[in-house]
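K.L.:
The listed protein sequences correspond, in order, to chains A and B. Using my numbering, the first residue of the first sequence is number 1, and each one after it goes up by one. Using my numbering, the first residue of the second sequence is number 1001, and each one after it goes up by one.
Note that these hints are calculated values from the structure, not bench results. Among the hints, erroneous ones may be present.
Derived pair list, reagent style EDC-like, types lysine to aspartate or glutamate, alpha-carbon separation capped at 20 Å [stated by the list, open to error]:
| hint | chain 1 | residue 1 | chain 2 | residue 2 |
| --- | --- | --- | --- | --- |
| 1 | B | K1178 | B | D1144 |
| 2 | B | K1178 | B | D1056 |
| 3 | A | K178 | A | E113 |
| 4 | A | K178 | A | D144 |
| 5 | A | K178 | A | E77 |
| 6 | B | K1178 | B | E1113 |
| 7 | A | K178 | B | D1144 |
| 8 | B | K1178 | B | E1132 |
| 9 | A | K178 | B | E1230 |
| 10 | A | K178 | B | E1077 |
| 11 | B | K1178 | A | E77 |
| 12 | B | K1178 | A | D144 |
| 13 | B | K1178 | A | E113 |
| 14 | A | K178 | A | E132 |
| 15 | A | K178 | A | D129 |
| 16 | B | K1178 | B | D1129 |
Number of protein chains: 2
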Amino acid sequence: MAWRYALMIDPAASDDTRTDFDSTFSEVDPSAPALTVGELSTQRGDGIFESIGVVDGHAQEVEAHLQRLAHSAEICELPAPHLGQWREAVRRAEAASGAGESVIKLILSRGVEHGPTPTAWVTVAPAADFTEARTSGIRVAVLDRGYSIDLPGRAPWLLLGAKTLSYAVNMAAIREAKRRGADDAVFVSSDGFVLEAPTASLVIRRGDTFVTPAPNGGILHGTTQLSLFEHLADRGFATAYETLPVSALYEADAAWLLSSVRLAAPITAVDDRPLAVDADLTASFNAYLLSPRD
Amino acid sequence: MAWRYALMIDPAASDDTRTDFDSTFSEVDPSAPALTVGELSTQRGDGIFESIGVVDGHAQEVEAHLQRLAHSAEICELPAPHLGQWREAVRRAEAASGAGESVIKLILSRGVEHGPTPTAWVTVAPAADFTEARTSGIRVAVLDRGYSIDLPGRAPWLLLGAKTLSYAVNMAAIREAKRRGADDAVFVSSDGFVLEAPTASLVIRRGDTFVTPAPNGGILHGTTQLSLFEHLADRGFATAYETLPVSALYEADAAWLLSSVRLAAPITAVDDRPLAVDADLTASFNAYLLSPRD
């Protein structure tokens, strides 16, 4: 994969009134060294990120991603991001993204150890080809996330609602799913409620209602799921947030994993139980998700 | 803090028979960019590390740290490290460490996204002055780690026994402890058993027996705790690994957090309950821990 663009950002304070950020941006060669060994992102996964899908030069749902970045910063006690500065950085990345599908990644790190400020950067890379996952679907393995459904609210230091750079467990869960013959994982709480996938949100269909696990402080609020729910409402479907036992996934009429870059991937099997795939409905979801969205 | 030394490593395969690693090492300026934005350590905390204490140019317990690095690599499905190569890298770092106390950090990252191999490096930095923590002691806050004591064995994808770069939660727990007026945290399982501190092991004294939580796959086996237990045995004390309810910490005759760089920090209070400190015994622990150990 060739990275297309990288922009280092000197983060402005959130109360900074400036609107010209030229002096805070520095374009770098994405294949050349840009970070020091003292970076806390690299030493401790201590920072936050967002991945924004880009289709033919249009970055999708930028505001929702920026809001979530700010939310993650709050949970992690990082300085509040200056959203105007990030918006402008995304605009520059968007301009460098080219045709087809790509991904803009925003990273806000706590900085260099003992250093004065956070470090931050934005990259653009071409997206992988997800045609197969979007059309033929994916198999998922159910994996225990290890905590009970009511934990996140009483243990905020576990950072469960933040999109942190500490993603080793998410990556290990996907490897475990592949070892089990699946393509992706769905996490369940230790008391048996479905949560989310390591890098995606879950949506199930039950009759004419589309349901996603209720935000409980331990689930990232998926920007793509939010966008799809708006689309479903426009089409006259009911949508709901519910605390869902894992049986609801096994017994769903259909289910999808939703994420910013892969978009809607229909689930063909949960562990060894097949799920029906509605090819036309899924295609309509992805057509919508590939259209320009703000 | 001035970094003293940084060495980039091109990781050799564990079955490589070479003994000359010159061509795999590259000394870099620790304050200059050395890592690319595509680094998976920085994007996902996807890698492992070790921190080795150094006293007057002698790196402590190097073999125990190398063995744990290999153990973490196995859990995280990273290529097995060539221990001869790492040993030589530590030797070079040791030579650059200078007088007084410092810390050698070993980092093995999964590499650059879509890249062919892991990336790896070693740094040396002066240690902070921990005299106060070692003599006056530290207050700890008990924090829920969120999982039950029997979880790690059945959910290896949570990587609970590996020293991964995904340390954002460990850092957040220390911030929460400070917010509560303490200096550090002690994690307990959701079912009430003491585990470890975010960056240290716990040892309690009960009469003439010194006890640390039994390894359960979810606790790092502390190199400093292991070394102290050898020392205690030499002095005729009993040592034990036990599954300890949190009440055992509250009711201990004394307790310490043990780590490679801060060494033995006596606990003066657990939440609001004071603990007695044996200043002479603690001083003898730190004198031992500061002596050259292999």
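K.L.:
For the pair supplied as a hint, K178 (chain A) and E132 (chain A), is the alpha-carbon distance within the 20 Å limit?
P.N.:
16 Å, holds
K.L.:
If you draw a straight line from the CA of K1178 (chain B) to the CA of E1132 (chain B), is it 20 Å or shorter?
P.N.:
Measuring from Cα to Cα gives roughly 16 Å; hence the hint holds.
K.L.:
Are the Cα positions of K1178 (chain B) and E113 (chain A) separated by 20 Å at most?
P.N.:
19 Å, holds
K.L.:
Holds or violated: K1178 (chain B) with D1144 (chain B), Cα cutoff 20 Å?
P.N.:
15 Å, holds
K.L.:
K178 (chain A) and D144 (chain A): Cα distance at most 20 Å?
P.N.:
Distance ~15 Å between K178 (chain A) and D144 (chain A) Cα, so the pair holds.
K.L.:
Can you confirm whether the C-alpha distance between K178 (chain A) and E77 (chain A) stays at or below 20 Å?
P.N.:
Given that 20 Å is the threshold and the Cα spacing comes to 35 Å, the pair is violated.
K.L.:
Between K1178 (chain B) and D1056 (chain B), does the CA-CA distance stay at or below 20 Å?
P.N.:
Distance ~31 Å between K1178 (chain B) and D1056 (chain B) Cα, so the pair is violated.
K.L.:
Under the criterion that the straight-line Cα-Cα distance not exceed 20 Å, is the pair K1178 (chain B), D144 (chain A) satisfied?
P.N.:
31 Å, violated
K.L.:
Against the 20 Å threshold, does the CA-CA distance of K1178 (chain B) and E1113 (chain B) hold or violate the hint?
P.N.:
Not satisfied, since the Cα-Cα distance of roughly 36 Å exceeds 20 Å.
K.L.:
Please work out if K1178 (chain B) and D1129 (chain B) have their alpha carbons no farther apart than 20 Å.
P.N.:
Answer holds: K1178 (chain B) to D1129 (chain B) is near 18 Å, not above 20 Å.
K.L.:
Would the hint linking K178 (chain A) and D1144 (chain B) be met if the CA-CA limit is 20 Å?
P.N.:
31 Å, violated
K.L.:
Keeping to a limit of 20 Å between CA atoms, is the pair of K178 (chain A) and E113 (chain A) held or broken?
P.N.:
36 Å, violated
In summary, the structure is inconsistent with hints 2, 3, 5, 6, 7, 9, 12 from the numbered list given earlier, while agreeing with the others.
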